[in-house]
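Keeping their order, the protein sequence lines are chains G and C.
Take 1 as the starting number for the first sequence in our numbering and just add one per residue.
Take 1 as the starting number for the second sequence in our numbering and just add one per residue.
A few of these clues could be false.
Claimed, not checked - For each label pair, taking beta carbons as the anchor points, the in silico distance ranges come out as:
hint : chain 1 : residue 1 : chain 2 : residue 2 : range
1    : G       : 108       : C       : 66        : 19 to 27 Å
2    : G       : 646       : C       : 30        : 40 to 48 Å
3    : G       : 786       : C       : 12        : 31 to 39 Å
4    : G       : 199       : C       : 25        : 51 to 59 Å
5    : C       : 64        : G       : 697       : 22 to 30 Å
6    : G       : 106       : C       : 30        : 52 to 60 Å
7    : G       : 296       : C       : 91        : 54 to 62 Å
8    : C       : 90        : G       : 381       : 41 to 49 Å
9    : C       : 66        : G       : 381       : 53 to 61 Å
10   : G       : 17        : C       : 12        : 43 to 51 Å
11   : G       : 429       : C       : 91        : 31 to 39 Å
To be verified - Residues from chain C shown here face chain G by an in silico Cβ test under 10 Å; the list is partial:
hint : residue
12   : 39
13   : 53
14   : 83
15   : 105
What the hints assert, rightly or not - With a Cα cut of at most 20 Å, we get these calculated PhoX-like pairs of lysine-lysine:
hint : chain 1 : residue 1 : chain 2 : residue 2
16   : G       : 550       : G       : 499
17   : G       : 454       : G       : 550
18   : G       : 791       : C       : 70
19   : C       : 70        : G       : 789
20   : G       : 520       : G       : 454
21   : G       : 499       : G       : 52
22   : G       : 750       : C       : 70
23   : G       : 499       : G       : 520
24   : G       : 549       : G       : 374
Quick caveat, the hints were computed from the structure, so don't treat them as lab data.
It should be emphasised that the depicted structure is a prediction, and the values quoted were computed from it without experimental measurement.
All C-beta atoms, glycine included, are put in the ideal place defined by N, C-alpha and C.
This is what each chain is made of:
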Amino acid sequence: MSWLHLLILAPFIFAIFVPFIYKKLNQRIHTGWFVLFIPLFLFIYLLTFIPKTSSGNTHIATLPWLPAYDINFTIYMDGLSLLFALIIAGIGALVVLYSIYYMSKHREALHNFYVYLLMFMGAMLGLVFSDNIFVLYVFWELTSVSSFLLIAYWYQREKSRYGAQKSMLITIFGGLAMLAGFIMLSMIADTYSVRTLISAETLNTNTLFIPAMILILIGAFTKSAQFPFSIWLPDAMEAPTPISAYLHSATMVKAGIYLVARLTPVFGGEAVWFWLVSGIGLITLLYGSVNAVRQTDPKALLAYSTISQLGLIMSLLGMGSGALYFGYGDESFVYAVAIFAAIFHLLNHATFKGSLFMVVGIIDHETGTRDIRKLGGLMHLMPITFTITVIGGFAMAGLPPFNGFLSKEMFFTAVLNTAEKSIFNLDTLGFLFPIIAWVASVFTFIYSMILVFKTFRRKQNFVRVDKEVHEAPIGMLLSPIILGILVVALFFFPNVASKYLLTPAWESVLPTLAGDLSVKISPWHGFNAELMMTIGVVVLGTVMYRFLKKWYGLYDYYPDSLTINHFYNLGLQSLETISEKTTNRYMTGFIRDYLVYIFAFIIVVVGGALWKYGGVTIDHPTDADVNIYEAGIIVAMVISAVTVLFSNSRITSVIAVGALGFLVSFLFVLFRAPDLALTQLVVETVTTVLFLLCFYHLPELRKEMSRIPFKITNALISIGVGAIVTIVALSANGTRLFDSISTYYEDSYKLAGAQNIVNAILVDFRGVDTMLEILVLTMAGLGVYTLIKLKSERRGKDEGAE
Amino acid sequence: MKEPNDIIIRSVAKVAVVIIFTFAINLFISGHHYPGGGFIGGLAFASAVILLFLTFDIETVRKNIPLDFKVVAAIGVLIAVLTGVGSLLFDVPFLSQSFGYFNLPVFGKTELATAVLFDIGVALAVIGTALTIIMSIGDDR
């Protein structure tokens with residue numbers, strides 16, 4: 001176990017202590033101050049790896065987990081994962097600092113908040129560092145779960161629960177699709193390791209290659225809120241603002257981007273990948289920016305803006321994947337720059353969008369409203385907040401001197417280059433790329449201006465009675481100020497970031513071109529097409545912003561019944577009604593019916609399998625003879641079994657069943673299996689007691705006066721089950737598919753220091769089985785407890801109502 | 001709920017329970033080399049407590065053994081999982097067990113195995129689950 005493993009697990013481990021810290025110390029010190037150490041420490045520690053990755057090296061640390069299944073917790077650190085990890089830890093630290101002032105320590109359930117937050121942080125770090133695709137998948141779903149918990153943080157609100165459910169359904173659906181894709185991919189390449197996948201050759205000839213790609217892309221698209229899965233992100237804004245800033249703009253929604261970037265060497269150069277990633281990306285870009293303009297809640301505006309910016313990054317990754325089509329050469333370099341632009345914009349987006357979310361949180365916190373129509377004139381009241389908003393907003397609009405300008409210019413370069421190319425049928429549809437990009441940029445400009453000017457300029461027209469609106473406390477402003485400084489610094493010194501962070505990440509996305517990738521970012525390229533496009537965006541954007549009222553009504557023409565949200569709600573509703581109807585049809589409430597289903601299923605499946613594969617082989621030449629004791633016990637067993645059938649009272653049946661069980665344990669004694677006999681004895685004792693307890697609740701046993709067909713069905717099923725089980729037991733003994741593995745266990749004293757083989761198997765050789773068994777046992781126990789307590793609670797309530 | 005007419009079972013139970021407890025602990029410890037182990041030991045232990053339930057009523061037992069058996073089961077599973085995780089600290093696969101021989105003052109040369117820790121988890125989970133179920137069903141009147 002290396003230090004790196006421990007650091008990824010550090011958030012999880014610390015999360016265990018958070019509730020105790022909250023209980024003991026929260027009255028005096030805000031819990032957030034303790035939590036802050038974790039991301040801060042992680043960030044500083046991760047910084048020490050920069051020299052290593054910037055010189056093109058990678059870092060691998062393996063922790064064997066279940067080596068028998070080839071699942072190991074292998075950490076693979078290269079430029080890309082380090083960049084993501086730094087964003088996760090860095091923004092994480094700032095968000096925790098901000099939350100200390102945003103979340104009141106007196107009113108909020110802070111222990112829940114920080115436990116979920118730390119859980120997310122650990123999961124996200126695990127995701128970007130995992131080399132094993134299944135470990136990656138586990139962390140991926142864990143981020144979905146923690147996001148669900150954080151969106152539903154104010155679970156008393158109905159909208160929070162709705163948003164949480166929506167995000168959960170959509171992202172978990174995508175996650176499962178991705179899992180299927182991963183399984184296919186591992187079948188094609190015969191490996192679970194991302195590193196090996198990247199260097200594997202000629203995967204694309206396999207028939208499963210395209211299905212695997214599409215399934216994995218569904219996972220990435222749902223997570224990164226790409227069209228049409230984007231609908232969960234606006235509803236996720238019900239989460240507390242620090243969470244929106246952290247999960248839903250800077251980190252979690254970038255997991256899909258990470259995955260696409262990570263797998264670009266595997267899938268890149270394929271036409272399907274190119275069109276899906278860049279096409280969906282561009283559609284999302286346009287969809288997000290057009291919808292952002294109509295929002296009246298600045299958080300919703302930022303949510304749509306995030307969707308659109310994620311689309312931008314995604315489309316850049318798609319365009320850049322063309323580089324792998326050409327192998328090596330100048331031709332591929334033109335495409336490769338798009339990948340660099342994607343990584344650069346990813347970093348820029350994390351900085352400016354993070355600061356904007358925090359600013360919106362400040363406005364909400366200070367004025368008590370998040371309605372743009374009610375806000376206005378805050379510039380004089382909150383000058384620092386206004387300054388940060390201008391920096392963030394102008395960066396988002398792609399204006400100099402802010403980092404967004406640089407990556408926006410590179411984006412325009414990429415779309416212009418792509419439009420000129422002729423691979424993948426680009427000569428027919430390629431002209432759409434710059435057009436969509438440009439139109440979306442105009443809308444991006446408009447909503448950025450709405451955010452900046454509608455909230456801060458105009459006359460002050462909101463009413464806040466209970467307190468005076470003033471600037472936020474310095475602690476709350478600190479995080480957005482740091483991000484704002486980064487926004488400006490990245491504009492003036494982009495090549496520093498490029499050298500140490502972006503180029504290493506770029507090289508890990510395109511490993512075949514590594515070593516020759518270099519780019520010089522500069523804000524001034526002369527009067528070229530990109531600059532003209534930006535000037536056009538500013539001019540048209542300003543005009544449209546001035547006359548917003550004139551054309552704003554056009555949005556109302558779009559019918560509500562055609563929105564994706566409408567389809568989602570409709571789908572959810574009909575899913576509920578249909579499943580309710582189906583379930584009611586077979587869930588009759590009679591245990592007997594359920595037993596009929598279960599046993600009929602066993603007969604059909606097991607019997608069918610036996611018949612189809614010819615598994616019935618009853619052949620016992622080597623069996624020992626049945627001696628007198630065994631025969632006697634068998635006869636006694638038959639007698640007690642038949643007694644159950646014909647007994648008139650329940651107590652007789654219970655005792656007869658108990659006798660049957662004890663007789664079985666005698667058989668074990670005869671066959672010299674003391675462990676089994678002991679277990680069977682004790683289990684039988686406990687079950688008999690259990691029976692007697694249940695017996696108390698059961699009604700008097702009456703002679704059933706049921707119809708003949710009913711009885712025949714029952715008889716058929718019971719005889720069928722008996723026959724099948726007997727055949728299986730006999731055939732199992734008569735069939736040898738491979739040599740016995742029991743010789744391995746004979747060395748148990750040497751291997752496990754145990755003379756009792758049975759126990760050595762239980763706790764050592766097959767310990768995982770035992771662990772899962774006791775887990776299942778415990779869950780079953782809790783299930784019984786819940787069912788009974790729930791029932792008696794409801795009964796108590798009914799009695800209270802009477 | 002019980003009629004006072006069960007003097008025999010009460011007297012017997014008082015002695016028998018101690019014997020069963022001892023036997024259960026013996027079963028648990030001897031599991032490494034002889035028949036027994038966490039599962040059987042745990043179940044035997046649970047059956048002793050169940051005998052107490054049957055003889056005296058649940059309320060009396062609960063007052064004298066003030067344990068939440070759901071928590072016992074959870075602690076058991078946690079111990080089992082943590083011993084598995086613990087092996088990761090020594091750079092060996094999840095749930096690797098180890099053993100060694102030590103010279104202890106009273107017992108002489110004794111074998112100590114990490115499997116026992118895992119087995120404690122198993123035993124606690126079994127005891128907790130069995131008693132949770134029995135108590136829930138027995139309580140529901």
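Can you list which hints this structure breaks, lowest number first? The structure conflicts with hints 1, 8, 11, 15, 16, 20, 22, although it agrees with all the remaining ones.
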